[in-house]
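Kindly produce the complete structure, drawing on both the sequences and the hints.
Residue numbers (our numbering), protein chains in the order written: chain V, 30 to 201; chain H, 642 to 1060.
Simulated from the structure, these hints should not be mistaken for lab results. Just so you know, even glycine gets a beta-carbon here, dropped at the ideal spot from N, CA and C. Hints may be right or wrong, so weigh each one.
[Unchecked claim] Label-pair ranges, simulated between beta-carbon atoms: (1) V:P146 / H:D923: 43 to 49 Å; (2) V:E171 / H:E896: 17 to 23 Å; (3) V:Q151 / H:P808: 47 to 53 Å; (4) V:E171 / H:D1011: 39 to 45 Å.
[Unchecked claim] Derived DSSO-like pairs: lysine-lysine, alpha-carbon spacing no greater than 30 Å straight-line: (5) V:K107 / H:K719; (6) H:K799 / H:K841; (7) V:K66 / H:K1030; (8) V:K65 / H:K718; (9) H:K719 / V:K187; (10) V:K107 / H:K718; (11) H:K693 / H:K647; (12) V:K107 / H:K793; (13) V:K187 / V:K66.
[Stated by the list, open to error] So the derived list for chain H, only partly shown, Cβ under 8 Å to chain V, looks like this: (14) Q713; (15) D716; (16) A730; (17) T759; (18) V776; (19) L823; (20) D882; (21) Y883; (22) Y924; (23) G1002; (24) Q1005; (25) F1022; (26) P1023.
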Amino acid sequence: MKTLRTGHAHVFGQNIDTDQIYPARFIEYTEEADIKKYAMAGSDDPDFVQETQPGDFIVAGTNFGCGSSREHAAITLKGNQVGAIVAESFARIFFRNAINLGLPVITCPHVHAHVQPGDQLQLDLKAGEFKNLTNGWTAPVEPLDDYIMNILSHGGIKPLMRAMTSQGKVRE
Amino acid sequence: MHAIEKLLAAKAGVDRVHAGQIVNCDVDVAGINDLYYQTVKSFVEMGGQRVKHPDDVLIFFDHYAPCATVIQAEDHKKFRQFAHEQGIANLMDVNQGVCHQVVVDRGLAKPGEIVVITDSHSTMHGALGAFGTGVGATDLATILITGKLWFKVPEVIKITLTGHLHPGVYAKDVILHILGDLKADHGIYKAIEFAGPALKDMTISERLALCNMTTEMGAATSYIQPDDRTRNFLKAKGVTDYTVYTTDEDYHYQEEITYDVGQIGPQVAAPADVDNVHDLSDYQGVHVDQAYIGSCTGGRLQDFATAAKILKGHHIALDTRLIIVPASGEVTRECIARGYIQDLLDAGATLSPSGCAACIGIHQGLIAADEVCMSTSNRNFPGRMGSLKGQIYLASPAATATAALTGQITDPRDYVEAE
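This is the structure in structure tokens:
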């Protein structure tokens, strides 16, 4: 896993729910190639998919990903190669879904007030530090549990589980 | 330790756990709903070959039931094939209803057990003393392969309810009021326990509504200590085999909050956040295009009894439509047996098959731009029930039935007889 990441900011507000990240009307798609077309389609930045570049960051206030359990919300952001989501807090199911897909979800208090759309951002997962390279604002990020870090560093739960199933470890 | 901690410790096979600890637990009930064929895809991608405990797995055809598009029908078809291949007998077909209500109807949510479903409203099962929690598709696929899942032991917030509800005020008003007060992110990763004398008076149906909506404040799970009501409810379903854990006297809650329910009047969550809660009277007179009674929050027998009582012998307003969606097939049949459906149809209601229907904005009652829907469901985000410009007010079944009757937001207390 790449521990030093940089990217441009896309900024969203508080309580960004899964209907904003991935509206229910597109939920019947099951392939990432389809799902990635509708990222943030229900938000106040519906052109996100056209604007985003691989490695860009999403920055948000509290409770990012609240609402439904749809994994589509994490799949669509991963499909657009979002480098990291940095928010003041995350809804629990979204957090789990993102970690399972190997998408870094990083909690950083007060981040929303210190980032403007388009700012150049840097995340050092090893040092646990977030930096806004545009305005110089630097803050520590909340460390992830070892258990969660292990999943993330393997690129998500799927490679981990594949290793277990291929070694017959789940049959014990 | 808290009862929840004892439950998680038992399911993890350890003596003690503490808040913040990550534990790997046996899962008793694993439910997949039809939105998430991703679950099967993840199962295959992770090298899954046989489902470890097919008897513990349920597949629910609820969000699409019955299918409105070819893609939905293809997803159902693939699910049927998976269930057949894996020996999953519990395929809850399009006649069954919303996953959570089906689980409750069948007595599968019971004290001391872990219920995990690919649906955020799984917190509801705490009303019966279970550890209910929602997960995404890949987490559920992990359970299919291993029978287990990791959980972070939550801190617990205790909400004590005192006083007596006034006629025309319900558990739905209480949970909306709490959401408005504490806000949508207050309970992230936490467990919300309800206790207190007012809770003792509440039926299981009302307790389910309370616990159901704790997910709207971010809660991982919720809990109500099982009591005689719980035991009697389960006994009537023939369920007597379960373990009731109790919280130790010296357990330290992360936070303790008390509400006097006698101080709460009818509430609405106004557009477009679940925590944008106000006294219903603040919105009195707003025209309602669609009234919607249904969902895992507000589509149970008691909810239709309340609505039927208000609407029996009357007719809904000319410019308002009333969609009724009993949460499960069992609820539908019971409502028919008691005459509620007849009363509501006579009053001009439109009956829709059991399932999630318009609550999730997929089919069976979507709203157009600038239309107003009053709903007994649980979310009013932009676009949740159709157009991004539609406006959704969440309220109790009584308030929703009253709005259907008058065509506008109206205080239900004037239409509900004192009991």
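Run the structure past the numbered hints and jot down the numbers of the failing ones, going up.
Result: hints 1, 3, 16, 19, 20, 21, 22, 24 break, sorted rising.
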